[in-house]
Every structure is written in C-alpha cells, then in structure tokens.
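Full structure from sequences and hints, please.
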Amino acid sequence: MCPTPALAIDRRTFIGRCATSGAALLALTALACGGRNVGDRRELANPLLLGALGAARVTAIGKRWLRLTPAERSADGLVAAIAARLNGAPWARARTVEEAVADDFEQGRTVMVDGWMLAVTEARQCALFALLAG
Amino acid sequence: MHTDARDLSDGQILEGDVCIVGAGAAGIAAALSFIGSGKRVLLLEGGGFDLEGDVQGLYRGEIVGRPYYPLEAARLHYFGGTTGHWGGYCAPLDAIDFASRPWVSQSGWPINRDALDRYYEQAHPLLDLGPYRYDTAYWQGEDARRELLPLDRSVVEEKVWQFSAPTRFGSKFRTQIVDAANVHLFTHANVVAVHTNDDVSAVSHVTIRHFDGREQTARARQFVLACSTMQNVRLLLASNAQAPAGLGNLYDQVGRHFMEHLEMPAGTVAFTKPQSLQLYAFDFGVTKMRAELRLSDAAQADLGILNATVALESPSALGEMLSTFELEPPESVEQFRRETRDSLTADMKAEAQNYSADLVRRNPLFTLVVRQEQAPNPASRVTLSRERDALQVPRARFDWQLTRLDKRTMRLLYATLGREFGRLGIGRVQMRDWLVEDDDSWPAVVSGGWHDMGATRMHASPRHGVVDADCRVHGLANLYLAGAGVFSTAGAANPTLTIVALALRLAERLRSRH
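Read top to bottom, the protein sequences are chains A and B.
Quick note on my numbering: the first sequence kicks off at 1 and runs consecutively.
Quick note on my numbering: the second sequence kicks off at 1 and runs consecutively.
No lab work stands behind these hints, which were simulated from the structure alone.
Ideal placement from N, C-alpha and C gives every residue a C-beta, glycine not left out.
There may be inaccurate statements among the hints.
What the hints assert, rightly or not - Computed Cβ-Cβ distance ranges for the label pairs, DEER-style:
(1) Gly108/A <-> Pro274/B: 26 to 34 angstroms
(2) Asp103/A <-> Pro274/B: 21 to 29 angstroms
(3) Pro70/A <-> Asp438/B: 19 to 27 angstroms
(4) Gly425/B <-> Val111/A: 29 to 37 angstroms
(5) Val111/A <-> Val286/B: 39 to 47 angstroms
(6) Gly425/B <-> Asp76/A: 22 to 30 angstroms
(7) Asp283/B <-> Gly108/A: 55 to 63 angstroms
(8) Leu68/A <-> Asp302/B: 41 to 49 angstroms
As the list claims (entries may be wrong) - If you want the ones that stay clear, here's a sample from chain B, every Cβ over 12 angstroms from chain A, calculated:
(9) Glu157
(10) Val360
(11) Glu420
(12) Gly422
This is how it looks when you write it as structure tokens:
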C-alpha cells in the first residue's frame, strides 16, 4: 500500500521519467511504493547540513521541526512528504533532493528552525534524521 | 609651529586666517591641506601629545538612551584624536548613501558620491591605504586566490574594504604640522565658547579656557569646528550667549539625528560546499583588503531597507553573543592605544591564513557580522546635561535611539542572505533568536562601532540640517564643521575615510576664499 497519493505514480509516467534520467531511476524505484527500506530512508535523512553542522545540531533542528509540525511526526509521513517534493510535473524527470531543496529556496518554501533558514524539504530531512537516530 | 597654550598669558589674543578647533583626523587633514598655502592657520587642540586624565575627563557625558560605550572612552581628546585607537577599517560610502531614498525618511545628501571621489583618492595616502580601487576585479588580479562566491549579484554583491595600518595621525603628522611655517598648533587649548557678531551672522572669535581659569581669545576669518560629532554639538549648543538655542540651531536641528553603525554578530553561515574565502576573510594587522557582502541597491529598494554590509568572521575569534562594547571594554581599548602608539606591534598581527576551500571544508561555520547604517531619527540626539565639566561647559547628554526600520533592515538582510545562500547552494544562514521576530525589540548585545555620526547633518535647508553642502553652518557666514557629524546618512562604511575626504574638500574650498 502506498503511504500517500502523492507517492503513487502511473506506469507511463514512471517509464518516461526513467527514460529522462537514469539517475532518477533508483530513487523512483524506491518511491514507487511506500515501503522504503531503512537504507532508503537513511538516504533521505541525510541533509546537506549534516556535514557542516554535525549530527547533534541536525538532530536538534530535526526535533524542533517535529515539535513545530505534529502532523509530520512519523518517519513514513516525513518520507512521503520529502518524496512528494521529488516528483515534479508528469513530463519532468524527478528531482534529486538537492534540486528539491534548491527549488524550495527559489520558491520561498523556507522555514526558520532554531534560527536557521532552511528549505522545507531539508527541515524534514533533519526531522527524519532525528527520528532514525533516536 | 607649536605652542603649549598653558604657557600663554591670561587674555592673550591669537590671530590667524583660519582657526581649526580640534586636531583629530579631520582637523589634522584640513591643517595639512593649508601647509604652504599662505593662509595663517591656528590649530587648537584641547589635549596634548598624549592622553591626560583631566583632559579626557572633559568628554564624560550622561547616557540616557540605549546603553552605550562610556563617552570619555569612545573618543580621544589629544593630538591625533580618535585615530589613536581606531582599527583602520576603510571604505568609501556607496552612491546610494547619498541618494534620497523614498523608503528612508530624511535620507539624501546635498552632494553625491562623485563629488567626493577626488578627495577619497587624496585621503588614501594619508591613511596609508592601497590604490583607490574598490572593485573586486582589481583585487582578484592582485591575488588569484581571491575567488568570488557564486552569488546572484542582482541581489547580493561585494563591498570592498581596505585596511589602514591603522595610521595614528598623532605620530604620523606631528612633525609635519609642528614644522609647518603657516600652521600654528596650540595644544592644551580647549575651546569653550564660540562668539558671533551682534546679528549672529558670523563668528568673531572663540574662547580658550584652562583648568586654572585663565582664558585666551582666538580670532580668524574662518572657523572650522573639528572636535568630533558630540563635542561639536556640545560647543554649538553651549555657545548660547547671543543665540539662546545655540549656534546654527534656529530650527532645533543641532544634536538631532545622531547615528551609529550597528555592528554585531547577528548570524552564522554554514558553508555546505567547499569554497575559497580568501577574498572575504580578514586577519587583523595583515589583511590589506577584503570583501564583505551587501544587498544590491535594487534589492534594498525592493525590500525598503537601509544599507549594510556583512563580514565573514571566524566564530572562534569573535565569540557568539558578545557586543562589540563587551568584547572591547575601555581598559582593553586603552591598552591597545598605549601599545600601538605608532603602529601595531608584531605580536598583535594575526597570522595570515590561506582561507582555501579545504580550510572552509574543515571549518564551515563563520559568524556573519553586520555593519549597518542607522536610520536618521530625530529622537536619537545629543543635548546638554545640567552637569558641567571642569571648564564649566555643560556636559553632553546622549540619548541613542533606534527605529523599527533598523531592526527590519537587519532581519531582512540576514533573511535575504539565507535565501540566496540556500538557493545558490552556497550554505545555510542562521539568524539570532532576537532577530527572527518582526518587531522593534533589541537584545542587550546591540552595539556600535564607536562611530558618532549625524547630529549636525548636511542638508540644503536649515530646517532639516545644520550645515550646507560646503559644510558651512546655516546662517553663519564663516563657521564650518568637519567630522562625521555632517553625514546626512551614515552609510555602512566606517567613517574615517569619508571624514578625511570631507575635510580635504572643505580645506580646498577655504583655501580658495579671500
């Protein structure tokens, strides 16, 4: 069972995306069903900030996000929300997380968490990191 | 020539063509311009060649507004003035600083940036600066390691700074001034009053007073007050024998619109990709130039905010939440002054690092230190205290006030940097807790750069300013002001370079007058 409608994509779209981007294949394969394994989740729970701030600060940011957004307190919910941002228009290839983050900034989908201006997508990544670490 | 005014007899009269009151950066720069001009210049300095407690104590004042640095420690009252302990940060004001900006009340100078360019260039050798070049391309050509951040320069761009030695005017120019045939320096010559003719249309003389009560008179054709922003205000307001509200104060403008630079660490950047910061980093005493970041003129107009720059600083060197006032208490600044009488000592100079991409990869966190102009605010002002100093002159009463636009500017500046750094994949920006909220509250860490500006602003109309475009006090034919007090708006750049440039411009005008 797919966790959210946003994650369900039809076969035609899926094939089209795979043809557009080989790089997206692995991600989309994982996203085609909500049953991502732990390895996939850890992949999504790897915000760019981790290298700069370290695990403790990223965990703190993630926990803060979880407190601010009760609806996203489950790993499944976070995975779904992040994955939804990777799916663009049907004719476009899927975004990488990095592209989704950049697009969030471009479109003003930013949040302040512990004073950090973050893309919504990466705030969710931090939250997922915190959940998986906990 | 030099005379210690304490050796003069009571009632003695000094005469010259030009009388400059105050021998700091502005007064000395102006006096230097007159050397060989044929004009007889009286240069009156209240202090001696080194700091003296009783003289410095004349600067003590009452602080009634926002917390501020002790006034007697912020400015120095001796030959060389506050260049005795300045840090040497220099940059010209930006063109937008001179413009009338609809979103900044009381903005706009009666001159533009082009009018100062020539004098900025002349000021450079006085301050031991490099070539008058403030474009990144030039400095990149000097050092290939100076890479540009991948910014969208329609939003965020570089503001280039240069760093003076820092030059101590007192030691650098003492011999030149003392040896000048047509400049007569009087030390320990504290001016306590400016006197005018009967219809208060021109200055006739100034009174010098000593701690023992003796007085002298200085007469000249033209007078320049170059005593620092706050002391110029004090002198104008206290000179109320013929004009009850003080000189140049027909429209209650003297002392209003006092401005400081807001200088504080208000955020952090975490670089998410290795990036050379050689162009942007700074090591005290060794770095000759660096770039800071500013919002483009268009972005400032779009957001309706003030001008500011942001420096990238190593957090370990600066600390996280201390104000500049806390970081540098008076005793530390005084020690710095004493130990750097002529120049920095070798052990004060930081080690020059190579801010390579690899270094940034290993240390990706940098503090974002803002330098921001303060919005002109008539409620931010200097008046006279009821308390008098040892020479019986009312002390300054200082009421520093900020506005909502000041807070809004800082918040939107950091927010814009955050968005742009994120959008362009450079890094992430954190702003301090108190900066996140869109209100007019300020934390205890608000601090300034010890830059007293405004309070005797330049404006074409005496209803909105104290001096005209020539730095002449409105309504008085021969009284001029020098120093940062005449700044109509403060800009983001530290004031010394502009102070010297304006002083050179003023001196040029006075030299040509008969």
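Tested hints:
Against the hinted window of 26 to 34 angstroms, the Cβ-Cβ separation of glycine 108/A and proline 274/B comes to about 27 angstroms, which satisfies the hint. A hinted range of 21 to 29 angstroms for the beta carbons of aspartate 103/A and proline 274/B is consistent with their spacing of about 23 angstroms. For proline 70/A paired with aspartate 438/B, a C-beta distance near 25 angstroms keeps the hint of 19 to 27 angstroms intact. For glycine 425/B and valine 111/A, the hinted distance range of 29 to 37 angstroms is not satisfied, since their beta carbons lie about 18 angstroms from each other.
The hinted window of 39 to 47 angstroms between valine 111/A and valine 286/B holds, with their beta carbons roughly 40 angstroms apart. At roughly 29 angstroms, the beta carbons of glycine 425/B and aspartate 76/A sit within the given window of 22 to 30 angstroms. Separation of aspartate 283/B from glycine 108/A is about 37 angstroms and departs from the stated range, judged on CB atoms against 55 to 63 angstroms. As the Cβ distance of leucine 68/A to aspartate 302/B is approximately 29 angstroms, the hint placing it in 41 to 49 angstroms is violated.
Its beta-carbon lying about 19 angstroms from the closest one in chain A, glutamate 157/B satisfies the requirement of being farther than 12 angstroms from that chain. For valine 360/B, the non-interface assignment is contradicted: its Cβ lies about 10 angstroms from the closest Cβ of chain A, within the 12 angstroms cut-off. Remark: the non-interface label on glutamate 420/B conflicts with the geometry, its nearest Cβ contact in chain A lying 8 angstroms away (cut-off 12 angstroms). Interface exclusion of glycine 422/B from chain A breaks down, the closest Cβ pair being 4 angstroms apart, not more than 12 angstroms.
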